[in-house]
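Please construct the entire structure, taking both the sequences and the accompanying hints into account.
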Amino acid sequence: MKRTLLFLVVAAASMLSTQVNVYAHHSFAATYFEDQTVTIKGKLVQFLYRNPHSFVHVEAPDDKGETQVWAVEWGAGGQLSRDGVTRESLKPGDIVEIKGNPGRNPDDHRIRMQSITRPADGWNWKGVVQ
Amino acid sequence: MGSLCRTQFRSKKMSFLLAIAALASVCAFGLPAYGQGVVGEFIPDVGFDLSGNWNPLLHEDFLERIPGPELVNYSGLPITEGSRLWGESWNSSRLTMPEHQCQVHVAPYIYRGPLQLRFWDEKDPQSQKIIAIKNYISTYEQTRTIWMDGRPHPPAWAAHTWMGFSTGKWEGNILTVYTTHIKQGWVRRNGLPESDQATLVEHFIRHGEHMTHVSIVTDPVYLAEPLVKSEDYVINSNAGGNWLYPCEEVEEVEGRPRGAVPNYLPGQNPFITEYANMYHLPLVAALGGPETMYPEFEKVLKNPPPVPSDPFQKDEVVPMPTKNEAQNPAPTDGEIHILPVQGNIYMLVGAGGNITAQVGDMGVLIVDTGLAQSAEKVIAAIRKLAPDKPLQYIINTHVHPDHTGGNEKLRAAGVTITGANVTGDISDASKGAAIIAHQAVLDRMSMASGNQPPAPTASWPTDTFLGDRKTLWFNDESVDITHEKAAHTDGDSIVYFRRSDVIATGDIFVTTGYPFIDIARGGSIQGELDALNNLLDLAISRHDEEGGTYIIPGHGRLCDRWELIEYRDMVTIIRDRIRASIKKGLTLDQVKASRPTMDYDARYGADKGFGTTDQFVEAVYKSLGGK
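Protein sequence lines, in the order shown, are assigned to chains Z and D.
Going letter by letter, the first sequence gives residues 0 to 129 in numbering that gives the first Met the number 0.
Going letter by letter, the second sequence gives residues 0 to 626 in numbering that gives the first Met the number 0.
Read the hints as simulated data drawn from the structure, not as lab findings.
These numbers were taken from a predicted model, which means no experiment stands behind them.
Where a beta carbon is used, it is the ideal one built from N, C-alpha and C, also for glycine.
Misleading hints may appear alongside valid ones.
Stated by the list, open to error - Quick partial rundown of chain Z residues pointing at chain D, CB under 7 Å, derived from the structure: (1) Ser-26; (2) Phe-27; (3) Leu-47; (4) Arg-49.
Below is the structure:
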């Protein structure tokens, strides 16, 4: 119900906007557990600012304490640009804390970004990846 | 269809208003022969004008179109059992593979996105007759050309594209478009496939500043009935917005083994019931099928039939199709047809196996020679391509007679000119074209095999190589011949024309069936997969898995990298299933009975002739060590 409400709000916003969003090449519902959330904290390895979606790769421990490289899916370049995120916003080595929906295949170590924070200077982003 | 009926009603009203407007326009400005009509006005000789920028109107379909459909939500789609099984085996992790990240949504599906459209006419500058209507689609930066000049569709052996080949005509105020030659893509992007056999009929219906797009998809492989959809658009007088969609493949998931294709083995998809449970639907409704499209299905919902916990075992509920519904793209007129590919390269079809011809100032090089009985016609076709140039080189991709049968006559029709960087033996240099092949081809052609006598001496390769690679330079381009040790046979060669950017694969890759793995002649499933992955490493797409490197398969139509990707995926998935069955201790008969190819049989299966489904399964089973 909560999920449906969220989608309807996003839908309404989308319809009112003259800006057509870049949409997912895949289905989010098919790719992530949208009703679950995980948090990771670790070192940023790579920031790919691109379409159809940007990615950050972060070295962080999994729930067993083993270090993994997590692929965190973020907004398209256009969306992030509108949100004030640029290629220079993040750099390798940054320690970041990320919250998001876990991927359906645990071996992939994927997350759909909901928020990212860099504790060192308080820089952060929060939103709905489109 | 509710919205369609509504728009047709509006259309009559709108036509009446437009007629009055047109009359007023004539009175005020004279006859509308100068194209001064109101945008959207009906002009009898030209039809409506769709020109302009359009934005989509999202309705109750928003959830499917933007965030995307749930897994195993197939309700209301007329899919076949094979399609459903394809979807159940599909793991969304497959989209993390670099080669799948920029998969464009095919013409029958792309309009479901929040895309922006732009239409414009292309007219003959002299006559002002319309040649084509162009349609740019912002998502994936696709441009469709809808030919309005009555030209025919390409032959069945021509390449497919994401947008296909479209022809159109005005029917009153409706632009009706017919599209063929579409790549394999989605019926729904939660794992439901649309095959490369699909065709599309569309109606673009304009009502002033609104447009309705109705599409009817027919797919003999994965749809049991035509799929009818509609979307609405509104004119966007503000041409701003994002019209670009650059897509760049990256390594999303680190450390995945080369050639691994994420998929669920039969019965192991953990999400089969998730959608049905979330919305309190009987599973039979979520699994879709033509019956779920109709009002009568409500009766079924009141008393739903039991569905086995493992939908892969549902053969008793709905019989699986066994018939191959795909069209064989080979010509049937007995003639050799020439298809220009790109650069120096042409594809000759109709001689059994496909023949690749490289033509240039130095002469002609061909890859394979087809069946013996087609040799004269192949020679005639080559002379048509290059009337005054000598046939200098023949390369055999492997030993089979549908690829080497014409060696003797083709060689005799050619000549080896000493002085190029590769020639025949000195003693026979002037006797005919050089025949290049891996040594294993000569070994097999020169010895008896069962009841088969050796091939005639004059058809044997004259210039063999023992290692992994042989190169030559001909017609201003390098030709790279790579040996695949144990794929279709033990003597397979891939021929890569670097400047033209075309690869001839021999029978490692065909579009007409499952790979024929000739175990008796040294073939193996792992070698086949290695070869397919090697081919993928060579090929680079121009834009979003389309164009760039073109691939001439041993049999079937011209392809690019995308077809190779889907084919490699299929062979890998079937290998995974059979390997899992062997691990469980299943016998060959038990594996055949489990039908590990069932979701692909309507496209690639065969129960008779050369290379049956059973032979393929048996070859995979045996080459994986099954007893």
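- Query: Holds or violated: is the Cβ of Leu-47 (chain Z) closer than 7 Å to a Cβ in chain D?
  - Reply: 5 Å, holds
- Interface hint compliance - Phe-27 (chain Z) to chain D, C-beta minimum distance less than 7 Å: 5 Å, holds
- Restraint satisfaction for Ser-26 (chain Z) [CB to CB of chain D, less than 7 Å]: With a minimum Cβ separation of about 2 Å from chain D (threshold 7 Å), the hint on Ser-26 (chain Z) holds.
- Does the nearest C-beta of chain D fall within a distance shorter than 7 Å of the C-beta of Arg-49 (chain Z)? 5 Å, holds
Of the hints listed earlier, there is not a single one the structure fails to meet.
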